[in-house]
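Full structure from sequences and hints, please.
2 protein chains.
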Amino acid sequence: MNSIQNDTFLRTLKQQNTSYTPVWMMRQAGRYLPEYRNTRKNAGSFLELCKNNDFATEVTLQPLDRYPYLDASILFSDILTIPDAMGLGLYFVEGEGPKFERPLQDEKEIQKLDIPNVDEKLHYVFEAVRAIKKALNQRVPLIGFSGSPWTLATYMVEGKGGTNFLNIKKLVYSRPDLMSHILKINTETVTKYLASQIEAGVDAVMIFDSWGGALAHSEYERYSLNYMKVIISNLNLLGYEHIPKIIFTKGGGQWLEAQAKIGASAIGLDWQTDIAKARRIIGNNITLQGNLDPAILLSSPKAIVAAVKKVLDNYGYGEGHIFNLGHGITQFTPPENVQCMLETIRSYSQKFHIE
Amino acid sequence: MNSIQNDTFLRTLKQQNTSYTPVWMMRQAGRYLPEYRNTRKNAGSFLELCKNNDFATEVTLQPLDRYPYLDASILFSDILTIPDAMGLGLYFVEGEGPKFERPLQDEKEIQKLDIPNVDEKLHYVFEAVRAIKKALNQRVPLIGFSGSPWTLATYMVEGKGGTNFLNIKKLVYSRPDLMSHILKINTETVTKYLASQIEAGVDAVMIFDSWGGALAHSEYERYSLNYMKVIISNLNLLGYEHIPKIIFTKGGGQWLEAQAKIGASAIGLDWQTDIAKARRIIGNNITLQGNLDPAILLSSPKAIVAAVKKVLDNYGYGEGHIFNLGHGITQFTPPENVQCMLETIRSYSQKFHIE
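Residue numbers (our numbering), protein chains in the order written: chain A, 1 to 355; chain B, 1001 to 1355.
Bear in mind the hints are in silico, worked out from the structure with no lab data behind them.
Since the structure is predicted, the reported quantities are computational estimates derived from the model, not experimental observations.
Worth double-checking, as some hints may not be accurate.
[Claimed, not checked] Reference listing, derived: stretches of chain A covered by chain B, where coverage requires no fewer than 3 residues with Cβ under 8 Å from a Cβ of chain B:
id, stretch
1, 61-75
2, 164-171
3, 211-217
4, 248-254
5, 266-273
6, 286-297
[Said to hold, decoys possible] Just so you have them, the derived chain A footprint on chain B, three or more residues with Cβ under 8 Å:
id, stretch
7, 1164-1177
8, 1302-1311
Ideal placement from N, C-alpha and C gives every residue a C-beta, glycine not left out.
Spelled out as structure tokens, the structure:
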């Protein structure tokens, strides 16, 4: 059934034998690549880049063309397409990250929030998936993705990212009823969104819980993890049990036991988490994805080689490891350092695999 | 020898019996208090507030006067007094946090960095300690503090806080020799700084490792924890073994085993860490300090009471717990919510203590 030429990534998601450790990078299509910056300039804004199939396809394939050792591609899009489709008005200020024109600021606005017509409003995403799949021509798998219900909610309530999360935490602690309303709407929308990405052709899906780590240990399961669990269950009920599902809570390394119980095929790890310890905690039936500090790619080849080997050594022998960074690659990364990382992974990882 | 009237905090740091769980709050003298905002207005800038004994004493005592249930006071100062004394030019931009005029940007500047004359340059801090101790009149203990060598270095290299730490990480990964030079200078300076605070009268010291959590799991001990260990050892060698020492790495909840081995009397916990699990890991010979999410204080009395009880329940029976927030109190906290928290701690915690 699977006619993808390089299926190492998909095999690893199923803990099947491979001859080396597969790798892809979060934000691999991005500003560190001169060819990306060039396309971006032609497209105009970041959102126009996402919404134009030709441009989105072009940038998705750029890292694959430059680096033959990448084992997966990821849809070029933004985690905030959903709240944008809900009418909150996504916009970008250069150097400041994404913002919303109309964040959810009072009870009335929250009560009015409803599931958008995903197929209509997010049509451009599914079109991009189809265009990218066609251009990939089965070279490597394509990953679809969404923000987690909690992470989307943080942007929807705060109006931007990277805050102290005081507005949304006030909701968590004072009005769990309103918080739960937002999260349920987000959960249904994300489920539909990922289902349509799968229908359009993605080979795996990933849920980015970028701000789950801001929650208190006592609230993480209730406000973030459980909603990701519902999405996974519902995708399975919809008939997408064969599609691997990856979750990644940045800053969530203390909660791996709980993460291992929601039915995900793989768990992403940030660089603060020891992958050897994570493997001991979650066992061999769930794949681990990670976890090199992206800042290492700003240093020298010698340091990169040593750090890459350390991650592979820490995971150790056997299947179930997808190499990745612990967070998105930074825009200041010299492209040749990525090449150095990828060559090291391909050559050094073979000894850990027995076919 | 100890003539402090309320010594519950100090007894708990030594795992001795007390009749209730003591409490203080990080940034308890701060903007959430109208009386603080008033003094601040009179002082002019934040730095002038720190550098004037009368003002520093006034604001240190304000929370104690308002809340009789607080069991400790903390020196009113800033963690960045040391790099300021080193000549980097600390300044504050309203709403943006601390910055430095002359961050360490090249090898030459780093090589020139030297231990400042602490007693001369930071004279105002030790004067403040003496003035505060006098004004406290032995009501409760006074905590002295410093930033950790790593945390000070992040500000010194990045020029400000809350960044992606790419500049300092580039040093970590490319020039560990230069990084180690900065950290050694900082370690010697912090040791001298805390020793002089102890000589001036503080009853305990705390090392704030606010950005230790940004390090990779494989680098935390080498670049942050080990230097805190050296400070503790050297303070002990200088004859301050009887002074309790608290460490707090924000975002460091995955590294408690290592933290338990450096000779600290207490370990601070952020709100992402489960205090019950932390106690199982570190045992009963080290005190735990924490760990209520400060955002809970923006909610309702009912939610606050439930959350405070949950922290106390999670720690459980016996000595060795100092109640605190998992991070500084936010400026938006209604002062009456602090009162609610303190009353709940005092009344509910008694059942956990057997004298």
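Cross-check of the supplied hints:
no.: 1; hint: 61-75; verdict: violated (count 0)
no.: 2; hint: 164-171; verdict: holds (count 5)
no.: 3; hint: 211-217; verdict: holds (count 4)
no.: 4; hint: 248-254; verdict: holds (count 3)
no.: 5; hint: 266-273; verdict: holds (count 3)
no.: 6; hint: 286-297; verdict: holds (count 3)
no.: 7; hint: 1164-1177; verdict: holds (count 8)
no.: 8; hint: 1302-1311; verdict: holds (count 3)
Hint compliance for this structure: hint 1 alone is broken.
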